[in-house]
Amino acid sequence: MKIEININNNSKCIEINPSETLYEVLHRCGVTSVKKACGTSSCGICTVLLDGRPIPSCSFLAAKADGHHITTIEGVQEEANSLGALMNGEGAVQCGFCTPGFLLTVIAMKKELSNPDEQQIKNYLVGNLCRCTGYEGQLRAVKRYMGVSK
Amino acid sequence: MNIKEYLRPDSLQQANELLSENGAVIIGGGAFMHLGDLEIEKAIDLQNLGLHYVEENNEFIEIGAMTTLRELEMNSIINKSFSGILSKAAASIMGVQVRNIATIGGSIYGKYGFSDLLTALLALNAQVELYNAGLMSLESYLESSMDKDIILKVRISKGVSKAYFECFKKVSADFSVLNTAAAIVKGKLRICVGARPARVRLAKGAMSFLNIIDSTNTAAEMAGILASEEIQFGSDIRASAEYRKELCRTLVKRCVLEVLQ
Chain A
1 MKIEININNN
11 SKCIEINPSE
21 TLYEVLHRCG
31 VTSVKKACGT
41 SSCGICTVLL
51 DGRPIPSCSF
61 LAAKADGHHI
71 TTIEGVQEEA
81 NSLGALMNGE
91 GAVQCGFCTP
101 GFLLTVIAMK
111 KELSNPDEQQ
121 IKNYLVGNLC
131 RCTGYEGQLR
141 AVKRYMGVSK
Chain B
1001 MNIKEYLRPD
1011 SLQQANELLS
1021 ENGAVIIGGG
1031 AFMHLGDLEI
1041 EKAIDLQNLG
1051 LHYVEENNEF
1061 IEIGAMTTLR
1071 ELEMNSIINK
1081 SFSGILSKAA
1091 ASIMGVQVRN
1101 IATIGGSIYG
1111 KYGFSDLLTA
1121 LLALNAQVEL
1131 YNAGLMSLES
1141 YLESSMDKDI
1151 ILKVRISKGV
1161 SKAYFECFKK
1171 VSADFSVLNT
1181 AAAIVKGKLR
1191 ICVGARPARV
1201 RLAKGAMSFL
1211 NIIDSTNTAA
1221 EMAGILASEE
1231 IQFGSDIRAS
1241 AEYRKELCRT
1251 LVKRCVLEVL
1261 Q
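In order, the protein sequences belong to chains A and B.
Its first residue numbered 1, the first sequence is counted upward by one per residue in the working numbering.
Its first residue numbered 1001, the second sequence is counted upward by one per residue in the working numbering.
Wrong hints could be hidden among the right ones.
Unchecked claim - Calculated pairs, SDA-like style, for lysine to any residue (alpha carbon to alpha carbon, straight line, at most 20 Å):
(1) A:Lys2 to B:Gln1047
(2) B:Lys1080 to B:Tyr1053
(3) A:Lys110 to A:Glu79
(4) A:Lys143 to A:Ser82
(5) A:Lys110 to A:Arg144
(6) A:Lys122 to B:Val1171
(7) B:Lys1169 to A:Gln120
(8) A:Lys122 to B:Asn1057
(9) B:Lys1162 to B:Asn1079
(10) B:Lys1004 to A:Met1
(11) B:Lys1042 to A:Ser19
Derived from the structure by calculation, the hints contain no laboratory data.
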């Protein structure tokens, strides 16, 4: 079957197998920034934005994305650069495998929540696991990015 | 999971006709499809059928089947209704990514034992409207074996004076080791226990006991004991049956205290 999706503001018509996940199709299209780890929607590594909302691309059928906008880290370079610089400054990046999904979730959170407190930030990021950093550096960077003073 | 054909009907009638064919299933949000080794001839996606809403009238709140768990969590009508337990239960489910794709209809259709949402909905005595079978209680739907029908919406009466939901997880994004909810619906107390790890059940013995006596701390404690004795628990990777039974006493007691105070 064919689907029409917009990937990072580029419209594409793609032939897919109905069983394929969005992650698989994105990789086939050369969008390799999207990583896969658990394959069960549990870790957030494969996060992409569907019409601006974070979703697990490893568990989302590509067919369901027909007619929708998909954003990966390549599509938010300006925001990713500023958040990435804050992450680097706080020592919040080690292996980097979770970073694209993590940045996309934070960027979506900034658009969705106005003036969140620390607990709201933690709640929003509960689905993004990082096995390297211990989260404290990430939390400091995210709070600075979100403009949280405390 | 193997899907041979993906279809996105433009009408409920068309969806119903497709569903009647062999090997056809409705895929909802698709969030938990990967948990089973499914062979699907026709995957029917309802996203074009206008089943994506929360509406309120004088008697009910109605939630379209394709409404996502994230929308339940954030919707202002849902937030202020039923002591906020639907928002609380939805917010406790995995990460925001899953909640953006998982739907209320899919959660009900799946009858998942791990569901936090089913426990809250059953406590509220929710009803389910199906395309062919019409309106029925969620309790009846969960006991039924019908799988060739389309869930259109969930209807919850506004006769809920107080409700409370509690769950216990090892980590935030995990499935619950146990979840419980209590609600006073039209003056009658309802108590539910889910993630046993089997599907949610009403603790009818505890409900009967509490509906005939005055509300006290002792009564709440008795409700916990009765619920933990009458409900069957199982063991899995998260906890033993014995552990769940002990948890049940405490969580049910907390829920009952909250709704009776």
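Legend entry - Hints breached by this structure: Result: hint 8 breaks, nothing else.
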